[in-house]
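*Asks:* All chains should be built: construct the whole structure from the sequences, respecting the hints.
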Amino acid sequence: MNTTTTSLYRRRKRLNQLVMAACLVATGIGFLFLFAILFTLVSKGVGSISLSIFTERTRMTGGGLGNAIWGTLVMTCVATVIGTIVGVAAGTWLAEYGGKRKMAKVIRFINDVLLSAPSIIVGLFIYAVVVVPMGNFSAWAGVLSLTVIIVPVVIRSTEDMMQLIPNSLREAAAALGAHRWWIIVRVCYSGARAGIMTGILLGFARISGETAPLLFTSLNSNQWNFFQLNNEMANLPMTIYQNMTINSFIPDLVSLAWAGALILTAAILILNIAARYFSRQRS
Amino acid sequence: MATTNTAEKGSGLGHLSEAMQKRLRRKAQIDVGFERVLFGFAFAVLLLLGAIIASLIVSSWPALQRYGVDFFTENRWAANVEVFGALPAIYGTLLTSIIAIVIAVPISFGIAIFLTERCPGFLRQPLSTLIELLAGIPSIIYGMWGMEVLAPLLRTWFPDVFPAGTGLATAGIILAVMIIPFITAVSRDVINTVPSVMRESAYGLGCTTWEVARQVILPSVKGGLVGGVVLGLGRALGETMAVTFVIGNNLFLNPTLTGQGTSIAALIANQFSESDGTQRSALLALGLILFLITFAVLAFARYLLRNSTGRHA
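Going line by line, the protein sequences match chains A and B. The first sequence runs 64 to 346 under this note's numbering. The second sequence runs 9 to 321 under this note's numbering.
Just to be clear, a hint being listed does not mean it is correct.
[What the hints assert, rightly or not] With a cut-off of at most 30 Å between alpha-carbon atoms, the simulated BS3-like pairs for lysine-lysine come out as follows:
id: 1; chain 1: B; residue 1: 230; chain 2: A; residue 2: 165
id: 2; chain 1: A; residue 1: 168; chain 2: B; residue 2: 35
id: 3; chain 1: B; residue 1: 30; chain 2: A; residue 2: 76
id: 4; chain 1: B; residue 1: 30; chain 2: A; residue 2: 165
id: 5; chain 1: A; residue 1: 163; chain 2: B; residue 2: 35
id: 6; chain 1: B; residue 1: 230; chain 2: A; residue 2: 163
id: 7; chain 1: A; residue 1: 168; chain 2: B; residue 2: 230
Rather than coming from a laboratory, the hints here were simulated on the basis of the structure. From a predicted model like this one, the values you see are computed outputs, not experimental measurements.
*Replies:* Quick look at the structure:
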């Protein structure tokens, strides 16, 4: 009796140790990938980073990534501005007016699906409805496809953050005679601002690295294009992609691609960390 | 005049001065207008989905009409002879995603269990953040890493299995790395919804950590965990850039695990800009198929996750 109890006890303990060791190994594997990717980026990219990368335009030989970095910044910023307006408005409706209405449930569900929809489909969609009628690839098409990707992110975070505002605050404002729209603008937005900003920042980080939706919308270009949104615009992800595939026979361009990848990833990771830090500070 | 008077009595504003009534009525109008404008933006989400589906159907119609059922049974994609079969791409899409899920699920659950049950408190937040950072890295970086690091490694370590280094299995591994953070984040959030009282009572009965995880936590959040996995599957199915670099781009059906192949997203990314006419329409038809597959998968995931907090990923 005693020996069977001890052996059972020992078996359970051993199984537990085994599984916990496996969990630790799994965690190790996860971090191994993260550090392996970062190590590759730094070791291959840091050598070609210099000031001229930010000032020179892309060329077939030599050159830099200046126009690509600028293009990515412009398109991402414009898309974020449009996406913020649409997303915050829609998210506000879902949180403040939608409630348990059937329409709100459907919109919420569709938005959740669009949140993880393949980005290349968005590219195809914008190609069909913007590029074909316009007759040429343009930065506007790129901006619109990035907008389609960021809107669900902003809607999601706006709705979540506004639902965190306690109803007693709304009721207090209503009791003082404020109209509903005034309550939303003055009470709800000021309480949810930090959370919504975090969501926008995370969305910004996400779309700045998107490549697939730009393949058939903004395309790429070798020239400086500062604000001509009606023409093709260079951008960092497409430049990296082209340098790694069709231009991969030119070693200079491949090392430029790695430098660009390092810059892009570093910027996105810093944005991610900043967004998290920001949200923890405020809450 | 008489009619407005009764209306004002009905609204209970009759005792107020004319100017005050006007002001209140204007504010009420702003209220209605505000809601309508906000609703317009929310409704745009539905219109967007409708527009995506409609535009894909319209632009892929010529190819679907021309090839009909052959589009789904033809086992090669040969643009030069205008033979377009979706089978190699569909096979590659499904196979790479399944490989990714098989690899990613045990690792993600392991990380989630470690983070929620075993991790020392001061490490929990930093480790979670690091795993989430892995999700922030753009997919093109994963593709480059796969091509430059993973594929050569596989070729040197297992030359018999991966003669070229690239292929369906390599793409599956890269996809697994990409979806690990998603599945981990959802699983962690779902596991955290289990009340501590349940854990503590099981520990009080003398359960080991594994027994608590297996017999207390797992049964109570099964739906949410499966939802997280299906969400990861949805991501893997539509992933483009990570796959394009390493899948091998073989346009003939190659029903093996490790051989070279293609996926819907990779095929579109490779051929769309140089295509026209029937080929372009056929590629859009592939896009429509991909969208329908991912829509079904993601809808199923959201259904499973409807009661959980892990909706954000």
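*Asks:* It remains to establish, for every hint, whether it holds in the given structure.
*Replies:* Here is what the structure says about each hint:
no.: 1; hint: B/230 - A/165; in the structure: holds, 27 Å
no.: 2; hint: A/168 - B/35; in the structure: holds, 29 Å
no.: 3; hint: B/30 - A/76; in the structure: violated, 77 Å
no.: 4; hint: B/30 - A/165; in the structure: violated, 35 Å
no.: 5; hint: A/163 - B/35; in the structure: holds, 26 Å
no.: 6; hint: B/230 - A/163; in the structure: holds, 26 Å
no.: 7; hint: A/168 - B/230; in the structure: holds, 24 Å
In this structure, the earlier hints numbered 3, 4 are contradicted, and the remaining ones agree with it.
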